[in-house]
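So the chains spell out like this:
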Amino acid sequence: MWKRKISLKEQYGTWEHFIRGDEPCHYLGQRLLEGTNFYARREWRGVRDTAYAFAHWLKLWITMAGLVLRNPVRVAMAFWKYRWLSAYLGTPMMVDRWLEGDRGTALRADTAAIECMISETVDSLWKMIRADRRLGETKWTEKTITFDYTLPKHILYGFPGYEGINMPQYCAFMMPLLRKQLGCYYIDQTISCGIPGDMCTLPMLETGVAVDNEYPDVGNIWLTTNTPCDANMMDNNAMWRAISNEGQKAVFPFTIPMMYDDPTTRELGVHEIYEGIAFMEEHLGQKFNWETFVQHLENTNTFNKGSHERWDIYANTDFGTLNPVVQGMFRIYFYQHGGNKYFLKANRKLLKIFEKCVRNEIRPFPHARHRALAWSCGSTYNANVILWLYNCWGVLTVINMDSLTGHNLVDTEDRDLMMGDLADWYARTPMRTHTVGGNRHLMQMWETAEKFNCDIIIMYDDIGCKGMAGAQGLLEEEIRKHRDRFHVIWLPHSLMDCRIVPSSEGRKAVNQYMQNILHEEPIDPTLVDFDDEMGW
Amino acid sequence: MKTAAKLLGLGSAALAALFAVYYFNLDMKLVRSVVVPLLDRHYDSVHREQTL
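First to last, the protein sequences are chains A and B.
If you're matching positions, the first sequence starts at 64 in this note's numbering and goes up one per residue.
If you're matching positions, the second sequence starts at 323 in this note's numbering and goes up one per residue.
By construction, these hints were calculated from the structure, which means they are not laboratory data.
Keep in mind that this is a model prediction, so the values were computed, not measured.
Any given hint could be a false lead.
[What the hints assert, rightly or not] Output of the computed footprint for chain A on chain B, the stretches with three or more beta carbons under 8 Å from beta carbons of chain A:
#, segment
1, 341-352
2, 362-371
[Said to hold, decoys possible] Calculated lysine-lysine pairs in the DSSO-like style (CA-CA distance at most 30 Å, straight line):
#, chain 1, residue 1, chain 2, residue 2
3, A, Lys122, A, Lys144
4, A, Lys66, B, Lys328
5, A, Lys312, A, Lys415
6, A, Lys68, B, Lys351
7, A, Lys544, A, Lys514
8, A, Lys404, A, Lys415
9, B, Lys351, A, Lys312
10, A, Lys571, A, Lys529
11, A, Lys368, A, Lys216
12, A, Lys72, B, Lys351
13, A, Lys571, B, Lys351
14, A, Lys144, B, Lys328
15, A, Lys368, A, Lys312
16, B, Lys328, A, Lys122
17, A, Lys202, A, Lys144
Don't be surprised by glycine CBs; every beta carbon is placed ideally from N, CA and C.
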């Protein structure tokens with residue numbers, strides 16, 4: 064039976080604090096069930112914000128129920144068939160983790176972004192399920208196109224009537240975010256086939272889904288890619304076999320130049336996009352529609368202009384409103400989908416909230432003592448560690464590496480320039496510009512930290528990433544050069560496998576730095592050390 | 323008038339029950355303790371042709 068460790072009187076002190084939810088310390092750790100990250104009681108955020116969070120929770124379940132109601136039998140069959148789909152039942156719990164400690168404008172902004180991501184996910188899951196041959200062929204089967212999720216779907220908007228599904232994102236990438244043990248399960252399936260276990264766990268997870276033969280059979284073509292890194296290229300063979308049904312479907316390998324900032328590669332990138340369009344025209348029997356394509360790019364520009372405005376606010380004030388984990392995930396999601404109706408709606412809402420904060424000088428994160436940049440590739444199973452950083456130590460991550468992809472505006476007036484800009488966009492895929500496509504990311508880290516007025520850099524250490532392991536010495540050297548200006552905290556993780564570096568190990572590394580180097584006291588002592596190994 | 327009062331009462335009771343589910347995290351406790359273990363048992367019982 065769960066019992067409060069801190070009494071109500073000790074936590075809130077006065078009725079006013081209880082009603083407004085603005086007590087000095089939230090004592091979030093005491094709400095967790097022993098050994099897990101499950102709440103025994105959801106967070107009390109004051110009357111107004113709890114009502115708001117409750118309404119959001121109701122809406123979330125209604126949205127999820129909406130997926131089932133579209134075709135209950137087919138969706139039930141999908142749940143029965145695919146283990147990965149069961150992870151989505153944990154969505155409300157993931158949302159709880161992403162909203163930890165949020166109050167007022169932060170809660171409103173974060174729920175707007177989360178609502179966008181969930182609506183998009185439900186929509187895509189439905190499009191995948193309705194087209195899946197394994198559940199019975201439908202008129203949608205041929206109208207759906209599968210592509211690798213590190214390949215943004217922009218060119219698919221030139222084929223109206225067809226739906227693009229970035230399949231590995233939903234069947235693999237999302238697993239540890241929703242239920243970390245499922246990441247481990249699929250990694251084990253890969254290792255059981257003889258793949259060495261000491262490499263990046265992301266392609267291992269994707270391969271594991273292929274080993275279990277759990278990718279839905281959708282459409283007649285498969286667009287694959289070499290991005291973002293050589294580890295991901297390893298899984299192309301397994302993915303090709305699984306998704307193209309051993310070569311029964313036509314496959315286009317969308318080859319993205321490795322050296323994104325080499326002027327000659329831009330031309331090659333443009334050539335590759337035209338090749339991709341020609342491939343799709345041939346196999347879909349439909350001409351490329353430049354009008355719908357340009358419209359989509361303009362929508363994408365609109366969203367990106369909004370992002371730039373928000374980043375200006377983060378960089379120059381304390382009024383940035385999205386919390387660190389939601390900000391990062393929202394940008395990653397956007398990168399893959401571009402400016403569709405969900406992102407345009409969220410963009411409008413967010414701009415209003417950000418403007419309100421600036422106008423009224425509202426600090427959405429009042430406990431912030433440090434401003435941080437999170438660099439390198441972050442963990443999935445421990446994605447909300449940067450929110451924990453704020454809630455526990457007052458370290459507010461104002462920007463992160465993954466957010467800084469896909470933000471270049473595309474010139475839609477001139478077709479040649481437009482295709483060049485798009486090639487550039489494809490080349491600057493997540494991680495490519497920052498970890499595996501050269502060494503400029505070393506300098507970008509300091510530049511970005513300066514631009515955003517940070518005093519701390521959270522350096523993710525994915526121990527399975529060979530690209531970053533190769534740069535470790537250079538990084539250490541650079542860190543020494545900049546140690547008078549920035550504190551750099553290495554945060555170890557293993558991307559998709561929570562057994563190799565448990566979440567508590569990552570937190571321990573930060574705790575040691577904050578206590579031994581900075582000699583600071585935690586903002587929330589109940590979050591310093593807790594065991595969540597049996598959680599999701 | 324009586325019907326409206328009844329509807330209001332029912333609506334309030336439903337909302338209170340839903341709030342209890344929300345606050346005590348009963349939805350996720352159910353998913354974690356009952357739904358997912360049942361589904362996992364089913365997935366584990368399915369014979370899979372593992373290929374690479």
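The hints, checked one at a time:
Note: the segment 341-352 of chain B has 8 residues with beta-carbon separation from chain A under 8 Å; the three-residue rule is met and the coverage holds. Under the rule that three or more residues need a Cβ within less than 8 Å of chain A, the assignment of the segment 362-371 of chain B holds, with 5 such residues. Annotation: proposed proximity of Lys122/A to Lys144/A holds, straight-line Cα distance about 27 Å (limit 30 Å). Only pairs whose Cα atoms come within 30 Å are accepted, and Lys66/A paired with Lys328/B is rejected, the gap being roughly 37 Å.
For the suggested pair Lys312/A and Lys415/A, the alpha carbons sit about 46 Å apart, so the restraint of at most 30 Å is broken. Between Lys68/A and Lys351/B, the direct Cα distance comes to roughly 21 Å. Compliance with the 30 Å bound is thereby established for this hinted pair. As the CA atoms of Lys544/A and Lys514/A are separated by approximately 18 Å, the hinted pair is consistent with the 30 Å bound. The suggested pairing of Lys404/A with Lys415/A holds, with an alpha-carbon distance near 17 Å, which does not exceed 30 Å.
A threshold of 30 Å between alpha carbons decides the hint, and for Lys351/B with Lys312/A the separation of about 42 Å lies outside it, so the pair is violated. Restraint check for Lys571/A and Lys529/A: the C-alpha separation of about 24 Å stays at or below 30 Å, so the hint holds. Proposed proximity of Lys368/A and Lys216/A is supported: the alpha carbons are some 19 Å apart, at most 30 Å. Proposed proximity of Lys72/A and Lys351/B is supported: the alpha carbons are some 28 Å apart, at most 30 Å.
With a CA separation close to 28 Å, the supplied pair Lys571/A and Lys351/B stays within the 30 Å bound. Using a Cα cut-off of 30 Å, the hinted pair Lys144/A and Lys328/B is violated, with the two alpha carbons roughly 44 Å apart. At most 30 Å may separate the alpha-carbon atoms for a hinted pair to count; Lys368/A and Lys312/A exceed this at roughly 38 Å. With a C-alpha separation of about 25 Å, the suggested pair Lys328/B and Lys122/A falls inside the 30 Å cut-off, and the hint holds.
Between Lys202/A and Lys144/A, the direct Cα distance comes to roughly 21 Å. Compliance with the 30 Å bound is thereby established for this hinted pair.
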